[in-house]
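Protein chains in written order, with our numbering: chain A, 1 to 272; chain B, 1 to 293; chain C, 1 to 283.
What the hints contain is simulated information worked out from the structure, not anything from laboratory work.
All residues carry an ideal CB built from backbone N, CA and C; glycine is no exception.
Some hints here could point you the wrong way.
Unchecked claim - Calculated cross-link-like contacts (lysine-lysine; reagent style PhoX-like; alpha-carbon spacing at most 20 Å):
1. LYS229(B) to LYS177(C)
2. LYS144(B) to LYS237(A)
3. LYS229(B) to LYS237(A)
4. LYS79(C) to LYS195(A)
5. LYS79(C) to LYS196(A)
6. LYS172(B) to LYS62(B)
7. LYS127(B) to LYS235(A)
8. LYS176(A) to LYS149(C)
9. LYS265(B) to LYS221(C)
10. LYS176(A) to LYS58(C)
11. LYS20(C) to LYS221(C)
12. LYS176(A) to LYS79(C)
13. LYS221(C) to LYS257(C)
14. LYS147(A) to LYS235(A)
Claimed, not checked - Covered stretches of chain C (chain A as the covering partner; in silico rule of three or more C-beta atoms under 8 Å from a C-beta of chain A):
15. 46 to 56
16. 74 to 86
17. 151 to 161
To be verified - A few chain B residues that don't get close to chain A, going by computed Cβ distances all over 10 Å:
18. GLN12
19. ASP35
20. ASP103
21. ASN104
22. GLY118
23. LYS135
24. PRO150
25. SER154
26. ARG200
27. GLU262
28. GLU279
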Amino acid sequence: MFKDITLGQYYPGTSIIHRLDPRVKLVGTLVFIISLFAFGSISAYIVATIALVIVIRISEVPPKFMLKGLRAIFILMLITALFNLFLTPGTELVRIWKLKITQEGLRMAMHMAVRLSYLIIGSSIMTLTTTPNQLTDGLETGLRGLKKLHFPVHEVAMMMSIALRFIPILMDETDKIIRAQEARGADFDSGGIIKKAKALVPLLVPLFVAAFRRANDLAMAMEARGYHGGEGRTKMKPLIYKTRDYVSYLIFLLYIAVMFLASRYIKIAWPL
Amino acid sequence: MREKNRNIIEGQGLTYNYLHYDEEGKVDASQLALDHVDLNVEAGQFIAILGHNGSGKSTLAKQINALLLPGEGTLYVDGNDTRDESKLWEIRQCAGMVFQNPDNQIIASVVEEDVGFGPENMGVPTKEIWERAEKALRAVDMWKYRGSSPNRLSGGQKQRVAIAGVIAMKPKCIVLDEPTAMLDPGGRKEVIETVRELNRQEGITVILITHYMEEVIHADRVIVMDSAKVVMTGTPREIFSQVEKLRDLRLGVPQVTELAWELKKAGLPIPEGILTIEELTQALDRVRAGCRE
Amino acid sequence: MPIRIEHLSYIYGEGTSFEKKALDDISLEIRDGEFIGLIGHTGSGKSTLIQHLNGLNKASSGRILVDGEDIRAEGYSLKKLRSKVGLVFQYPEYQLFEAEVLTDVCFGPRNQGLPNEEVLVRAKEALAAVGLDESYYEKSPFELSGGQKRRVAIAGILAMKPKVLVLDEPTAGMDPKGRDEILDLLKELHDSQNITVILVSHSMEDVAGYVSRIIVLDEGKILYDDTPSGVFQHVRELEQVGLAAPQMTYVMHALLKDGWDVKTEATTVQQARDEILRSLKKG
């Protein structure tokens with residue numbers, strides 16, 4: 001059941017997007033997300049859509065693969081959109097029993113739907129084309145400045161990369177524990193919320209015990225291999241900007257400029 | 001300073017207690033895991049340590065890597081006292097360690113990056129990390145998997161990656177703590193062959209802790225532990241001639257050795273401490289020739 | 001309570017890029033009171049197969065009949081199946097979760113909906129059967145040794161009173177004495193309680209001395225289904241699929257090659273000794 005989630009997964013490939021410096025991809029994603037919220041016009045959304053389609057094409061990740069993984073998250077989004085739809089005060093359009101749909105609500109819901117789905121698609125392009133280690137390396141190097149503020153940049157990055165390494169292992173373990181307890185007649189599916197929560201105990205206890213054990217073993221193995229924090233460490237794969245990375249930064253600037261101009265000078269009215 | 005051909009590991013009177021604390025943080029129980037153990041290992045040797053679960057062998061292994069420090073006694077690794085904190089990283093680089101569960105010691109999500117982890121910690125320059133990683137991966141025959149995710153490998157392959165991760169640190173000695181306990185027979189063979197190869201080709205000192213009697217017959221020396229003490233030490237042949245004593249210690253002997261011992265008990269003139277099938281059949285052929293005369 | 005497996009196939013990750021045929025047209029019959037060793041290397045499909053017996057996996061095609069009833073037929077209760085076929089997983093850590101041994105063993109029978117007194121009686125019986133006395137009742141399962149944890153895990157399934165007990169590598173990672181103790185315990189359960197035991201293992205030596213029938217799986221297919229000495233005659237074929245015969249088989253084959261008049265069926269040390277002594281006396 002966990003296996004369908006592709007967010008955070010890596011889709012191996014050799015496209016130019018795959019080869020970009022992870023810092024570029026992090027900044028790019030950030031720029032894209034900010035642009036969605038900063039420019040809330042239809043013309044801006046059209047520019048964002050075009051940009052998104054182009055990037056997906058270049059990345060060579062099959063859109064099907066990407067969308068399949070997002071299914072679960074779209075449901076969450078739908079709920080958010082519904083909240084916006086019904087709970088925004090303003091000019092009433094339709095009234096169903098006690099719930100009213102307002103023009104503002106409708107607009108807000110559409111805004112949220114577009115922004116959230118693009119946000120998720122945008123960031124999943126980043127995770128699909130960047131290995132977890134590159135991503136954490138990118139974060140670590142990109143956030144190096146924060147070290148002066150005593151923010152544990154290296155530690156956080158190391159924690160992230162270890163978490164990413166162990167998530168598949170723990171998922172597999174969860175699956176085995178579920179089976180082992182089902183073999184003892186455990187029932188995880190029926191009953192009310194309280195009964196269901198209680199039924200989780202036989203799953204959670206072994207899972208925590210296993211996770212702690214792994215953490216303990218791992219800490220020892222890391223120490224045995226000379227790990228003593230980020231101090232004095234060298235890198236096997238240091239991040240070095242190449243021409244394509246600088247070009248990408250230029251493209252980001254260009255994108256912002258187009259976004260700005262489009263939402264300023266091309267007015268497209270909202271339907272409804 | 002010690003002389004050449006000196007012992008790479010010198011332990012005298014090693015004693016270690018595991019302490020259990022009660023809820024108020026006071027010691028309410030202690031368990032003796034090492035009881036005045038002496039351990040001397042010559043550079044380049046292949047040492048096997050046998051003992052049942054809880055006999056103290058894992059505790060001993062962790063002392064060599066300075067993951068645990070002796071409560072009493074002294075331990076020198078390559079001339080460095082393990083209690084000398086300033087030598088800690090030198091000791092860990094000199095004596096690498098491979099653990100039982102392959103999943104819990106692979107840190108990175110890509111094979112080559114995991115092998116680079118140790119050298120990165122040591123501050124080795126980038127170019128050299130790559131050279132070391134390649135050499136190490138080739139030495140354990142995992143070079144073609146350098147770009148794979150560890151999750152896609154078999155147990156034996158994962159253990160070989162773990163070994164490569166240690167070799168990349170250029171250790172003089174590798175301590176393996178039951179590296180084959182979680183593997184199938186194929187994986188066990190892969191790992192043991194890799195370890196023997198490293199010992200013979202690279203001259204790396206090996207300390208192998210195991211339950212499997214078949215894995216120790218090639219060792220230069222076997223150490224048997226029981227209740228926190230060293231109770232037997234000798235060549236595999238010397239150790240495995242004492243079938244009954246090993247049984248008392250909850251250990252077995254290789255099945256071939258057991259068969260030879262049973263036949264000897266039945267009155268056949270067979271030498272003690274048979275270790276391989278060839279040795280046994282040759283001895284039996286001589287017996288048969290003797291019968292026919 | 002016989003189990004019949006008819007043309008069972010199981011495709012893992014059907015329709016995805018990871019698609020793999022884990023079981024390929026398996027047909028078997030498991031008779032009452034058998035002691036079976038199920039052997040194969042990692043990934044041969046043995047764990048997948050035993051999870052089918054317990055209804056944890058759903059076959060892609062084919063069917064399983066327990067007591068003549070199709071376990072996937074509509075209306076067949078999985079609860080009923082699980083009280084007939086007990087499955088002990090490889091690591092006891094996957095199933096132990098209560099603070100006390102006795103409560104943990106009660107979990108299975110309680111899920112079967114039995115009254116409290118009956119649950120307790122069964123749990124105590126099961127613990128006695130695996131050789132753990134009253135002094136263990138209130139201990140935490142997490143403080144026990146590896147071998148004791150395994151016993152508690154087995155008791156947890158035994159308390160459900162299955163007719164067939166399936167164990168996935170019950171001796172993995174144990175020391176030699178611990179291995180022997182668990183295997184002896186299983187033999188004892190088989191002999192005294194007349195339970196059918198299916199032992200999944202990759203150790204030929206472990207299995208050779210205990211079981212009366214060996215099923216070898218390779219790439220989801222049955223390679224051999226015979227007595228131990230029958231299966232171990234195929235030394236070369238076993239090696240080709242990443243398995244090996246027990247050491248004793250190799251000894252006997254080596255002697256045969258040296259011109260000894262011996263049968264090569266011996267798989268345990270005792271059998272080999274007797275055969276060699278017999279041959280010498282005759283010669």
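The hints, checked one at a time:
no.: 1; hint: LYS229(B) to LYS177(C); verdict: 19 Å, holds
no.: 2; hint: LYS144(B) to LYS237(A); verdict: 19 Å, holds
no.: 3; hint: LYS229(B) to LYS237(A); verdict: 46 Å, violated
no.: 4; hint: LYS79(C) to LYS195(A); verdict: 18 Å, holds
no.: 5; hint: LYS79(C) to LYS196(A); verdict: 18 Å, holds
no.: 6; hint: LYS172(B) to LYS62(B); verdict: 16 Å, holds
no.: 7; hint: LYS127(B) to LYS235(A); verdict: 10 Å, holds
no.: 8; hint: LYS176(A) to LYS149(C); verdict: 17 Å, holds
no.: 9; hint: LYS265(B) to LYS221(C); verdict: 43 Å, violated
no.: 10; hint: LYS176(A) to LYS58(C); verdict: 15 Å, holds
no.: 11; hint: LYS20(C) to LYS221(C); verdict: 13 Å, holds
no.: 12; hint: LYS176(A) to LYS79(C); verdict: 19 Å, holds
no.: 13; hint: LYS221(C) to LYS257(C); verdict: 32 Å, violated
no.: 14; hint: LYS147(A) to LYS235(A); verdict: 18 Å, holds
no.: 15; hint: 46 to 56; verdict: holds (count 3)
no.: 16; hint: 74 to 86; verdict: holds (count 4)
no.: 17; hint: 151 to 161; verdict: holds (count 3)
no.: 18; hint: GLN12; verdict: 23 Å, holds
no.: 19; hint: ASP35; verdict: 23 Å, holds
no.: 20; hint: ASP103; verdict: 6 Å, violated
no.: 21; hint: ASN104; verdict: 4 Å, violated
no.: 22; hint: GLY118; verdict: 4 Å, violated
no.: 23; hint: LYS135; verdict: 14 Å, holds
no.: 24; hint: PRO150; verdict: 8 Å, violated
no.: 25; hint: SER154; verdict: 15 Å, holds
no.: 26; hint: ARG200; verdict: 24 Å, holds
no.: 27; hint: GLU262; verdict: 40 Å, holds
no.: 28; hint: GLU279; verdict: 38 Å, holds
Violated hints, in rising order: 3, 9, 13, 20, 21, 22 and 24; the structure is consistent with all others.
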